[in-house]
Amino acid sequence: MSLLAVSDLSKAFGGVRAIAELNLQVRRGAVHSIIGPNGAGKTSLLNMLSGVYRPDAGSIRFDGHELAGQPTHRFAAAGIGRTFQNLQVFFNMTALENVMTGRHLRERCSLPAALLRTPKLVRAEAECREAARRLLHLVGLSAYEDTAADAMPYGALKRLEIARALGAEPQLLLLDEPAAGLNATEAREIDALIKRLAAQGVTVILVEHNMRLVMEVSDHVFVLDHGRKLAEGTPDEVGRDPRVIEAYLGAPDTAAPSGAVHA
Amino acid sequence: MLVLATVVALLPLVLTNNYFYEVAILVALNATVCVGLNLLIGYAGQISLGHAGFFALGGYGSAILAARYGVPVWLAMPLACVVVALIAFVIGRPTLRLKGHTLAMATLGLGIIVAIVITTEDRITGGPDGMAVPPLVLFGWTVMGERIWYWIVTGHLLVAVWLALNLIESPTGRALRALHGSEVAAETSGIDSARYKLQVFMLSAFFAALAGALTAHYAGFITPAKASFMHSVELVIMVVFGGMASTFGAVVGAALLTTLPQLLTVLKDYEMMVFGAVLIATMVFFPQGIVPALGRWWARRRQ
Chain A
1 MSLLAVSDLS KAFGGVRAIA ELNLQVRRGA VHSIIGPNGA GKTSLLNMLS GVYRPDAGSI
61 RFDGHELAGQ PTHRFAAAGI GRTFQNLQVF FNMTALENVM TGRHLRERCS LPAALLRTPK
121 LVRAEAECRE AARRLLHLVG LSAYEDTAAD AMPYGALKRL EIARALGAEP QLLLLDEPAA
181 GLNATEAREI DALIKRLAAQ GVTVILVEHN MRLVMEVSDH VFVLDHGRKL AEGTPDEVGR
241 DPRVIEAYLG APDTAAPSGA VHA
Chain B
1 MLVLATVVAL LPLVLTNNYF YEVAILVALN ATVCVGLNLL IGYAGQISLG HAGFFALGGY
61 GSAILAARYG VPVWLAMPLA CVVVALIAFV IGRPTLRLKG HTLAMATLGL GIIVAIVITT
121 EDRITGGPDG MAVPPLVLFG WTVMGERIWY WIVTGHLLVA VWLALNLIES PTGRALRALH
181 GSEVAAETSG IDSARYKLQV FMLSAFFAAL AGALTAHYAG FITPAKASFM HSVELVIMVV
241 FGGMASTFGA VVGAALLTTL PQLLTVLKDY EMMVFGAVLI ATMVFFPQGI VPALGRWWAR
301 RRQ
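Protein chains in written order, with our numbering: chain A, 1 to 263; chain B, 1 to 303.
Note that these hints are calculated values from the structure, not bench results.
Careful: at least some of the hints might be erroneous.
Which bits of chain B does chain A cover? Going by a derived footprint, with three or more residues having C-beta under 8 Å, they are [as the list claims (entries may be wrong)]:
| hint | stretch |
| --- | --- |
| 1 | 167-178 |
| 2 | 191-204 |
Looking from chain B toward chain A, a few residues come up when the C-beta cut is under 7 Å (computed) [unchecked claim]:
| hint | residue |
| --- | --- |
| 3 | LEU163 |
| 4 | GLY181 |
| 5 | SER182 |
| 6 | ALA185 |
| 7 | GLU187 |
| 8 | THR188 |
Residues of chain A placed beyond 10 Å of chain B at every Cβ, according to the derived structure [unchecked claim]:
| hint | residue |
| --- | --- |
| 9 | ASP8 |
| 10 | ASN23 |
| 11 | ALA30 |
| 12 | THR43 |
| 13 | GLY69 |
| 14 | ARG123 |
| 15 | GLN200 |
| 16 | ALA231 |
| 17 | THR234 |
| 18 | GLY239 |
Keep in mind it's a predicted model, so treat the numbers as computed, not measured.
Quick reminder that beta carbons are idealized off the backbone N, C-alpha and C, glycines included.
Same shape as in the complex, but just chain A (with noise of 0.2 Å):
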């Protein structure tokens, strides 16, 4: 049975339709990528699944559950983590306690346990601290532990935010461009790290340009284009989909020679 079930999605800003009447079918277990030109609607669908747009009409239906119209909290709740293209790393605090924040699910507590410190609160924030120095190792990030996190460099941050979205121990995680602004080294470190959270069953929803990464590491890859789904399959079937290789480069009359786009 599909994780994530989206039917009919639909979404407009003005008269910009972003996405329109999407259907994806989102597996349990497995890496998806979500391909397609700038402006495709992209991030506006990771926003939605994520509950920070509110979509105009259709359903979102995680774990037996309809999540479309809920509050953005609702959505983490259901098990739904994220990260960002451009970074909402909380740059006040420092990389533990970004991650700790990320566990805020998993360590419930009433104000009156906050206001006076109580004994069972002290045992689970140190619980908290240790899962979250555990998720900063998977990450490779030990030694940023206590450093404040607008003292990080960018390539750490990019990591950080993901081992906050795993604070929350979701079933889904969404990465948006995980892999952009960062060199081939670093890049291939998120790759591994992909197929680490893969192998730990965690699905993976990624929006990403590097192709590379997107063909070593998907199971699925869906293809955006003009806020529809143009085609979806494995890698390498998508690879070899003419409409994608013309979204991509422009119909073969029109732009690249035809030796070129099939070779």
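Starting from the known structure of chain A, arrange chain B on it as the hints suggest.
Leaving out everything else, chain B in the frame of chain A:
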């Protein structure tokens, strides 16, 4: 925390007469309000322009319960505070779901309504002339005199500071700081922002009401001036001047801006102008407030 406790403990050595005690008590009361208000402004990122309203409601609520209904003062004070927190819930619940400065507008309205009601409902509140407030009686013994009140009021302040520091270091505090860092990331981490803002708003209203109730029973008299809009603004200036998102900043801001008018009694008529000038100077020279600014300066010097 230890520093503050030491200051509180040693201060009586230099408080040589009752007037100094009076000022110290005033400082502690304002500081209690500011510690709560700072949680709201500095951590939840919301401004309240009606905290004087909560302060007055706490004072009048406790006074009326005690004077008109014969409720013992030690019970009337917490009752009034709980009622005020519930009023904050009623106002905060719808407004804190919205983005922008809706809370500032709603509390501004509330502050003005409270001031008008207190002034006009003279059968209950004594109207513009104010009302006499019964003294605090503990175990059959009437609490009177500046010295005793000094210890009661500073005790409350220390507890308020302790609670605030605990809150900031808890998951709730992290959630609030996260809202400040990136609201969208906080929400996608599962943080229900409206819920946490509401909790802090209620808490800050509770602190304000507590200080108001203590003021009323200490002074033995309360007037509608306590509910004025200007008093609300003064409280916000104390927090901003001392340093947003700094609990000790709130205490220092309250201390400096409470004693300043006492030192400048010659400028009494220009008090609000002085406050305005202080606010402008703070924004220009150390927008993060005086305590964080001094902290950074100290850290730089030590390197």
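Could you tell me which of the hints above the structure violates, numbers in ascending order? none
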